[in-house]
Amino acid sequence: MLRTRRAANFQEMFLALHRFWAGLGCVIEAPYDVEVGAGTLHPATFLKALGPKPWRVGYVQPSRRPVDGRYGENPNRLYKHYQYQVILKPAPADVQDLYLRSLENLGLDLVCHDIRFLEDDWEAPTLGAWGVGWQVFLDGQEITQFTYFQQMGGLDLDLISVELTYGLERLGMFLQRKASVFDLEWAPGVTYGEVRHEEERQHSAYGFEHSDPGTLRGLFDAYEADARRLLEISDASQVLPAYDCVLKCSHLFNLLDARGAVGVAQRVELMGRTRALAKACAVAYLERLAGDDAEDEARG
Amino acid sequence: MARLLLEIVCEELPPGAVASALEQLGSAAEAAFAEARLGVKSVKTLGTVRRIAVLAEGVSPRQADRVSTVRGPAARVAYDAAGAPTQAAIGFARAQGVSVDSLQIREMDGGRYVAAEVREQGRPAIRVLEGVLPALIASVSFPKTMRWEAHGVRFGRPIRRIVALLGRRVVPFSYAGVRSGRRSAGHRFLGTGLATLPDADSYEAVMDQQGVVLDPARRRGRIVEGATSLAFGIGGSPILDRALLEELVWSIEHPTPLAGSFDPALAEALPSEVVVVTLQHHQKYFAVAGGSGALLPAFVAVRDGGVEHLDSVRTGHEWVVRARLADAQFFLDEDRRGGFDAWCEDLGRVAQISGLGSVSDHVLRVVGCAGWLAAALGVGAAERNDLARAARLCKADLVTAMVREFPELQGTMGRIYALDRGERPAVAAAIEEHYWPKGSGGRLPATLPGALLAVADRAVLIAGSILAGLEPSGSQDPYGLRRAAAGVVSVLEEHNLGVSVDALFSRAASEFGVPESRAAEAARRAAELVRQRLRAILIDRGYAYDTVAAVMAVGSGDVPDIVRRARALHDFRSRPEMARLMTAYQRAVRIVAQSGAVVPAAEESLDAGAAVREDLIAEPAEQALYDAWRSADSVVRGAVARRDYAAALSLLAGLDAPVAAFFDTVLVMAPDPLVRQNRLALLRSFAGSFGGIADFGVVTSPS
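The listed protein sequences correspond, in order, to chains A and B.
Just so we're aligned: the first sequence equals residues 1 to 300 in the working numbering.
Just so we're aligned: the second sequence equals residues 1 to 703 in the working numbering.
Only true hints are included.
Covered by chain A, according to a simulated footprint, are these stretches of chain B (three or more residues, beta-carbon under 8 angstroms): (1) 152-165; (2) 298-306; (3) 314-322.
Calculated directly from the structure, the hints in this document are not laboratory data.
A virtual CB, placed ideally from N, CA and C, is assigned to each residue, including glycine.
Please model the complete structure; the sequences and the hints are all you need to start from.
Laid out in structure tokens, this is it:
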């Protein structure tokens, strides 16, 4: 006795999640316009998770992982994939139920499936960040990373955020029963492959063959220096531009890594430099927040 | 008498931590009830991934009264000459809330004092539990804890409900921002919303209605029976991996096994190890073996839920398995385009442990160390060639797509790819086996090249980690060096590899190109780490501390030899002549020591024997001991050379009668210095004969 239902296409997933989380008080943000490896690096997550102010946000984030590029030939691996990212700060007591309702909202009839929250702790050493939580499995398919942040930029958090990261391609392939990501229906009559395949091919070739390690290294140094310069400016008033530079460094490191241009010692060193900058941004951002609060109080 | 229930409902706890949390909760509850003077008949725990509960039967309604004796003023000031109580006594009685008449005079603290027996009445159990239960929750510890709200409480996962009932009544308190009550939570999908408990007695029945199988043994039974009968139905049996079974028992509230299948062509195309790892580790399914032991294209998944819509669930799992296996097929194809040369080159970009360079650097050192080891042990040319080849290739699979995706297949993929590419089977086997044993008691390398490579790889890892300052300390051993050291011991013993661990680590440390003194220090500490493991392993086998210490105090750090000597001495210590032999040995050593001479090591005892002059032997018992020793010593020496330590000890035991007779009738410290020196030389020779087996001076008692 199988229940049938219409699978949402790819863009309907974005829309359904936007509507659902907006209804729960989330600000619907846009993807960040600097390359990132994961939705967590969006300032709406990394920086907003810091400090004592409540915050709720939802957004789609294209995430680039050059080393995962497969020239569009592997049906499951992508240079760039889409994450749907939700931050709820503080984490509400019924957050698991809210999450499950969001799945129903995508057209999943939960009683027809096997939903499991399997222990999985998350760590991003280059951000000095970690949290605990689960991977959520749907009939054995991992569809979401569910994390209670504990530290960001090496700092204990004042207020604990929960982060939900939906893997949209995996979820979409499951809903649409497609064996290849490129066969996903993105919009009526338009496939994922039509929208993205050429991009996968070109960027994989760029990442593995055509990027210029000398240029990438030069850019890394330049963005790092600029981040340092910006962080020196008084009252942490340039922390947001500085953070953009850190994101650039992080992506440039990923490109160098994919190119096979990073030796062992250098790898540790570049990661350490990026982590130091991310931590400095976190500290500066909190300093800025404290400054704003003091100003508000003075005005009030 | 009522039943007490404390249930802590959480978001999904780490499955590996639940059993321990329950154990802690149970024993902490027993201790806390005793401490709080609450009578309780029995305590048990029940729990799942989402709840830990403790149940106490027969809780007495009140805390037991406490009677204590309080010392008052000295007797002489408490009563006047007429024996009437003074103001001091009256005041004391009032302060303690007792009547003056009830005061007693007692001898206390070296004087006579007035004492009051104060009875503190026990409070109602429910009042006491208000304080006890929150402390009980706080006492549960987890390997890793988290915060989830501003209150800052740490626990394994967020606490969402607390049920605390004594009979029908709620024990009221708050913990981690949650107020205790009578509402629990049922199974996430089978529960009916409100899981309200009328009383503590109804806990199991209500949870059963709510779809929660509280008892881990029942969950295990459902999984094992279900999986077995489903697999039987498709002509096979489930591969019930223990770790997976336990993980499922502690991660599912209502287990319902279901069988699924996948395309036989995929099962054909993929190595069976890849299929098993995909199913077991990644999908958490049981693989199914057919009658011949070969894998069937089927699996048993365990749903957390009931039998409703099981077909839909099966379809979902089958779809996912197909995708995962197709994924693995893709990795295999990708790897087929690569090869060992390219992979080895890529190892230059993979970090070994921090400060030790790349895996490629590590491999070069292992090649050097393995070659030395083979030469030191006189290994034949064919096996040395296989070893050298395997050493060069042993880490190459780390950069393959398959191992990047399935790290647990390291070594296994190396073997499979080596065979694919026409490497000799012995090379392929050594590549896989060099990771063995994977844990304590794990499978050991079967081939000699595999064993030598396993030792060389670990020796380089340990020496290098110590050079990099990453020695284990206390319970901290992040790089698994103790496990590696134990692996060295097991492999050396299993393959009877008689190499000194000092020489082994000297060589391993010399591979790092650091100044000699640093290398020597690292080698010394590495060898000590292995000796510590060896000591622990021998003591685990039931050998006495002093037996182990005695055999390790002599010899060259040759592991199989130490093990053999330990076994022989251990066995010998249960024999009756051991006590007499020990007495004789200790007397001999004591007298020699008092004379200022030293007991020679094994290799010197012959010279010591030569120092005995037959012409100076005067007494018959002296002659008898000399004769007995001379005939025994060369045979003992032969037995030690053959490493037949049991025989050597038996021979030495044969000397106990002549030694005893010698001490009974011969004066060692004879007035004539020549005679005296000769007798001391005889005793030194006798004691020296033990030196090839153990330092008997370390053996404390002839147990």
